[in-house]
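Start counting the sequence shown at 107; every next residue gets the next number (this note's numbering).
Only pairs whose alpha carbons sit at most 16 angstroms apart, straight line, appear in this in silico EDC-like list of lysine to aspartate or glutamate:
#1 311 x 290
#2 317 x 286
#3 273 x 283
#4 558 x 245
#5 249 x 408
#6 255 x 557
#7 170 x 455
#8 406 x 245
#9 155 x 448
#10 234 x 408
#11 319 x 297
#12 529 x 392
#13 249 x 265
#14 396 x 479
#15 234 x 415
#16 155 x 468
#17 249 x 407
Don't read these hints as lab results, they were simulated from the structure.
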Amino acid sequence: MAAAQPAEDYRDRPDNHQLDHIPGTWGYPIVGSALALIDDLLSLSRKHKAEYGNISRLRLGPQKGLMVLGADNFQKIFLDRDKNFSAEMGYVQQLGKFYRGGLLLRDFDDHKFQRRVMQTAFKTPAMKNYVAMMNPIFDNQLKNWPTGKQLVFFPLIKELLLEIGAKIFIGVEDYKEEADVLSDAFLNVNEGLSAIVHLKLPGTKFYKGMKGKDALHQFFADIIPQRREGDGQDMLSFMCQEKTDDDSYYTDSDLIEHAAFLLFAAHDTTTSVLSHMMMYLGLNPEWQDKLRAEAASIGKDDLEYDDLEKLKLMDQCINECLRLHPSVPLMTRRTINEIELDGHRIPAETMLFLPGSFNHREAVHWSNPEAFDPSRFDSDRLEHKNHSFCYHPFGGGAHKCIGLHFASMLAKTFLHKFLLQYKFTVPEGYAPKMNWVPLPKPADGVPFTIEKL
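With the sequences and hints as input, model every part of the structure.
As structure tokens, this is what we get:
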């Protein structure tokens, strides 16, 4: 029997802070454990596990809730068979300030209804066309990367993927005309996402973030009518032309929220995984050579959609980077009803903080979990199958990322192009500090030097 739809007023209820019956700590006044979490989320997670177990009290700035660890608990929360967990209310105080109506921030029947707006955009015919659109963009950008001098990967790939997003997601013909608007909006929103204090005062990170949000919304509001009437093959055009069961278009306000969140989610997550990939392939040149040989075995410079499944080693490397450094390191939910987790009574309206990187490195599921070892995903090991939820870089259940195959396609297409053209090195003794706020990446952006092949 299907679970009953939760009462609508769960969105109107305040967060529950009555959690003294659960072990843990509220940390420092005002900030709680926010600074420790920003500095090293994985270490904080392990500290809580060692001192309090899988469920523990935690304060992150103004939010009080519970840190939840362990694959069994993630499985119960993500699958949510009894509709006890709200993604919308889990993200509303942070991500929701900038992307409240995005697909991740929708619950249950509303989420299911809104998810359909993207169904054509991610079907195979559309995906095949996206690959064809990517190849010339990568060619045009990569030919300008200078050899023989140290570069920094992060700003290069961020700009490149923003152009991909503008053309494939939005259908922008002349990217140069829109580059400043999109780039500034993204930079400002990312700053806003890292703000601990949410006061809209000029000069603050939060204020800049809100200005970026307003610019993005206005940008999409201006072009949606054009995309609805046109015949574009970009994602936004497909979304604008999608209809509901009663043959109506989705509203402009829904489309604006979905487009802004989709561009953010796909752009930043792929930027993150490729930054970590460059770090690891620089530190492990034998894997760089393996992937280059695999790319050469395809026998063509331009990948086609049907070639993607042949890149097995590349899949393993991408998966390993996402295991070690998930692009969304901390997920959140809020309880709707009182539940039990790991033997603890969890009241309704309780915030749950879910650090996925903990499960991704838990030794009970992974051999030598701190090592970069893509072969753990090979068919003769399949360590990610040791538990259904020991590996969840794209979430799980109804909210599993709808764009996961697109993200993989984008990463593979770039790596195929790049590795066939260049060999690269990172500085000797390279050991960067890792950041995860506002975007998971090596803190120095990955310095590297390329050599033309």
